[in-house]
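Going down the list, the protein sequences come from chains A, B, C, D and E.
3 is the number of the first residue of the first sequence in this note's numbering; add one for each residue after it.
2 is the number of the first residue of the second sequence in this note's numbering; add one for each residue after it.
2 is the number of the first residue of the third sequence in this note's numbering; add one for each residue after it.
26 is the number of the first residue of the fourth sequence in this note's numbering; add one for each residue after it.
381 is the number of the first residue of the fifth sequence in this note's numbering; add one for each residue after it.
Derived from the structure by calculation, the hints contain no laboratory data.
A couple of the hints might just be wrong.
What the hints assert, rightly or not - Short derived list, chain D residues pointing at chain E, Cβ under 10 angstroms:
hint, residue
1, LEU153
2, PRO181
3, SER183
4, ALA209
5, GLY211
6, GLU261
7, SER282
Please read all numbers here as calculations on a predicted model, not as lab measurements.
Cβ coordinates follow ideal geometry from the N, Cα and C atoms, glycine included.
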Amino acid sequence: MTAVHTARPTRPGWLLAAGTVVVLLVLEEVLTRTGVLPADYFPPVSQIVAALLPELAGAPLWLQLGQTLQGWFVALVLATALAVPLGLLLGTVWWARALTRPVVEFLRPVPSVALIPLVVLALGTGKQSELFLATFAAFWQLLVATTAGAGAVDQVTAEAARCYGLTRAQTLRWVALPSALPYLMTGIRVASATSLILVVTAEIIIGVPGLGAQISLNRAGGSPDLMYAYIIVTGLLGWLINTALAAGERRVLHWDAANRGPR
Amino acid sequence: MLEVTNIAKEFPTRTGTTRVVDDVTFTVGEREFFTIVGPSGAGKTTVLRCLTGLAKPTEGTVRFNGKKIVGPPPEFAVVFQDYARSLMAWFTVRRNVELPLRNLGLSAAERRERVDTALAQVGLSAAGSKYPWQLSGGMQQRVAIARAIAYRPQVLIMDEPFASVDAQTRADLEDLLLRVRDETDLALVFVTHDVDEAVYLSDRVAILSRSPSRIDEIVPIDLPAQRDQIGTKELPEFARLRAHVFSRIRAMVNTEPASAH
Amino acid sequence: MLEVTNIAKEFPTRTGTTRVVDDVTFTVGEREFFTIVGPSGAGKTTVLRCLTGLAKPTEGTVRFNGKKIVGPPPEFAVVFQDYARSLMAWFTVRRNVELPLRNLGLSAAERRERVDTALAQVGLSAAGSKYPWQLSGGMQQRVAIARAIAYRPQVLIMDEPFASVDAQTRADLEDLLLRVRDETDLALVFVTHDVDEAVYLSDRVAILSRSPSRIDEIVPIDLPAQRDQIGTKELPEFARLRAHVFSRIRAMVNTEPASAH
Amino acid sequence: GGPELTKTADGRTALRVGIIPTIDAAPLYLGVSEGIFAKHGLDVTVHVADSGAALIPATVKQENQIGYANVISDFQAAEQGLDIKLVHNCCGSGADPAKDVSQVLVKPDGPIRTVGDLAHANIAVNSLHNIGEVSIKMALEKRGVDVSGIRFTPMPFSDMNDALKRGDVDAIWQVEPNVQAALAAGFTPLISNFVEARPEATLGYYLTSGAFAKQNPQVVQAFSDAMDEANRFATEHPDKAREAVVTNLRFNPEIVSTANLPTYPQGLDRASAAEYATYAVKYGAIEKAPDLDGLF
Amino acid sequence: MNRRVLSALLGVVGAVATVAIWWLATENSASVYFPPLSRILETAQEHWLSAEGRADIASSIGNLLSGLVIGVVVGIVVGVALGQVPLLHRALSPSIEFVRAIPATALLPFAMMLFGLGTEMKVFLIALGCVWPVLLNALDGTRSLEPTLRDTASVYGITGVRRQLNVVLPAAAPRIASGIRVAIPLSLILTVTSEMVGSHQGIGFVIVDAQNTFRITDMWSGVLLLGVLGFALTWLFGVAEKLLLPWEKRAERAR
Ligand SMILES: Nc1ncnc2c1ncn2[C@@H]1O[C@H](COP(=O)(O)OP(=O)(O)OP(=O)(O)O)[C@@H](O)[C@H]1O
Ligand SMILES: Nc1ncnc2c1ncn2[C@@H]1O[C@H](COP(=O)(O)OP(=O)(O)OP(=O)(O)O)[C@@H](O)[C@H]1O
Ligand SMILES: [Mg+2]
Ligand SMILES: [Mg+2]
């Protein structure tokens, strides 16, 4: 499926986005400089940037960034690979949904933070623990999105599939999955942030190498500038990831009413 | 071949159930072109849904070759009244037509050939790589027809399949159906609002009464087997049948309690 | 009143743009019943969308009472070809018909009265408290018509509004339209595939060529202003006009490169 | 059971030691950089985690053969049936209140001005029912203050200064290097709670799992011997200790340069543990006195 | 048998089976970290049914509901607005994505600075976390509004608040509902996070305190309670959804 025409952000769109960011940054700088925001808590942007610049030049930051990025990616892919088939199944087979609903609803609110000691005991302090925690959290969000999406198949479309003797697997793949895609893509963007957040949290608490470990170290070491610098790198990473996901989404969902372009 | 025996259909309502179809019985033979007509809201679509196994009749049974129908049999193809929603927005026209062929054990080349033929038959050769939402209403409807024809079913069920196409295309598609029937020994169950069309195409026309519906009358169409848009429609018998069917429908619409007048 | 001047419409495609409407010009006068006919996929719906301001023509302008149309003017009402999707599944039939009236500053009683009248006019008095998805296709289409009529627009734009109703109801609705036009000084822009209907209803019939479309011909219908389903259709002039329009459309369909034959 | 120990090419035993990012970790890093562990046949890698919540299970699982926890956490873990064994003193307090790594500070113009005022204060600590709470109460009781009315509020050390500034809490308990930042913010220190609670006490221990200690007594002994040396080296070279946390933990050098260092005592101090145990029971951090024989 | 009754029965079967497996798997467990389910249940009963435990639950639920409601309302309003004003969407989306990627724990200082240590801070954190799934779903749901419906609203002059309430919101409702389903457990998780700092009460406080003092059975009992609450809240939401969006389920033609 290739995109016929996609509502790609236009040049003024980019300028607008960048402009807003600049305005917000300048606002922060002014607010901290004038003392409206406490400066030792919220170092002015310029100060954070000053702390960040030397880091940007060194390899460690990029290494940590790579570690975090890798954790995020693997967790998101794992969660998707597990949640999508299961979600399609639960969305289309009512008795499977009925059977698992209480258990799913019970497990979803289990906070990953509470699981950390158990996960460390079972999986250790390495990447596996980070991956487990992030996958666990992202999985449920994707499962809900896919289940809801697969349940939202247009009834006439579903009946057409039935009439033309599509097998269950074919219906899942060619009818339920595309119908669920708009939900799923939103779910992926929600889960992507969740995955990133948990990877970073695991790095902070368990000490898995990555941006989170740096946030933790700089907080303990009395360098708030650097701590904020790493938090900002995390935020930027989130933004970048989302931009990439949104671009991918426009390709995958080019047929969705949201992306059909002007009529 | 297809036996509908005393089916009734009720829908749940806030206060109980409404009986939409009361008692409908008919059979469709091999190669027969069987048309159902009746006022809007009579229950034609509901009967078709029971026939295909998409809906379960509250009473009565539907049998295909002696076997009770519980879900859509693989030998059936359906063109839905709500054709636009029956197409998959995420597939091109070609993929939409090709999708049902995947289970038939055809080679890719055979599938391609069938899709090409069907699209050409409905006049959409040029639109194969478009998406359904890029097509006009009538073109979408023709995609749905192409999908059904390419599938080469034993029974083709069509719910007002020509409602959105122009008169000339409609005539062409009518003749296409007759030709396909002759070539592939198809049976057709057809719903239309166009009385001329019903008489022109059919071997028998069933007239459905207002809901809760029963069969008001089944009219055998004793016109020569070989139909022809001009010749057939000029026959006095055609005019007589047409007038008869039309007057039955008119009678039912005009006795409707909440009528337009 | 409504002036369409040299409009063209292009859609973006992978490789550039397709020109769907090439050059269309016409005007619709006060109280005029103006019908557009043309082969399936000709661009009728596209022209209507430009006319209402829902789509922006690539070239040309549309003016209403001298003012350029950029968005749908409040004086317009539209019945969409895709009527099923134009109804709100979350509202009952009554609420669907009533919703547009909320902006008109009517009292609740007036709104109720208008809804009741419109539903009665389309023969759906009994269906007011149902949801659209509990109705048959033809009934849904009539809900869309009732909504447009209850709104009492100055210009009523209808895209194949009777495609899904039976012949008798169709005739009733046709006469309803004519009556409403006479009572409320309405102008109508109408799209239909039924040539009889086009000639019977209209003051003028515009024939659109195949896409990229131009106006092939605008046929003035010189039939007596007072139309009548039986009398009018028996006039020799009716037969002549009907045959003329039909032959124009047939000519266009049959020269279509990707035709059915 | 437990995973097999691996050896390096030159026959040293690989050991992973878990630690939290504080100045207490200095000797450990020095032990590595000065070759002390190598001399004792050990190849130590340091693993930093933010909290004991991850360190203790990692040690029980023997993923980190050695871990770190403060004395109260050790008691709590043991009380809940975790199989741990203390190996060596990590760090402690000296006898000079002015050199304490830990202070309770207040706002100069706040509601709490004197040590006596603390009796009804709301004090920020990093974690409830833990060493801050116990040592503050011990110190205050020794000064004759009634501790029954004190409230403690948990929050990360790094958030405490602002919480005090805003008045969310009346007093904060800070440990180095944050004490320096608090002093720089103009807060007044009231008590040096570690030194005042018990001078010359050990406050944190290196620990291992009981199973590991039983299986690898020589390794444990070697680590203990090496730590004796490392702790001595750190005590003798405070500048190198400061440098170690700056390079390894990226601590802010300015703040570290003025910070007080903890003591790095030799061996395994059981006496101070016994005293802390008594008070931990008294203040409800644990329910009953720990079995020190099992722990040591 | 009625589909709904059967559904409920199946749910019970699933739940009972899970509990049985958990029970059997841990009954003889000697691990401190994986205590027997029977012990967890005992502890749960002891603590959560006591006056102190009930106060913990009440305090957490209060914060949770306030945060969740604020998050959902803000998410819907902002999402629906951004979905219809592409310019606004483009201008704000980088900033939104930036904030979204920052862990709640890293935002704690910010929340503390704004609101101090009280209830407001917790509610803020919970709301801030819950807002995203709702916002994104409302945004995307609004963007993919059925074009014919959008046209219908324009043609009949259905604009402003009336358009939002009668057309946009109902059309986006299924997507929004799916976002709320994600937000509900998130609100529980964030309640725990928000109670890690500066609090003396609440389910999260109990869990974190138990974790810090290695009372793992107590921690499990807290996790168990969270699960029960999550189930209850989602179930309640399901009931509300059926009342608020009746057309959605019934639109499936009865067979
Ligand atoms: N899900 C439903 N719940 C309640 N009533 C329904 C439902 N589906 C259909 N009906 C009712 O059943 C009757 C028959 O509907 P059906 O769609 O079969 O009519 P039809 O003959 O196909 O009409 P048309 O020619 O207008 O398509 C209608 O009165 C309709 O209101
Ligand atoms: N969004 C779109 N993108 C690309 N092409 C489009 C789009 N919408 C319509 N078209 C093309 O424009 C042409 C005219 O479409 P339109 O819907 O106006 O036809 P129509 O005259 O209303 O036909 P019908 O009688 O079948 O409804 C068709 O060939 C269609 O494929
Ligand atoms: Mg029908
Ligand atoms: Mg059209």
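Structure-based check of all given hints:
{"no.": "1", "hint": "LEU153", "in the structure": "holds, 6 angstroms"}
{"no.": "2", "hint": "PRO181", "in the structure": "holds, 7 angstroms"}
{"no.": "3", "hint": "SER183", "in the structure": "holds, 7 angstroms"}
{"no.": "4", "hint": "ALA209", "in the structure": "violated, 18 angstroms"}
{"no.": "5", "hint": "GLY211", "in the structure": "violated, 18 angstroms"}
{"no.": "6", "hint": "GLU261", "in the structure": "violated, 35 angstroms"}
{"no.": "7", "hint": "SER282", "in the structure": "violated, 25 angstroms"}
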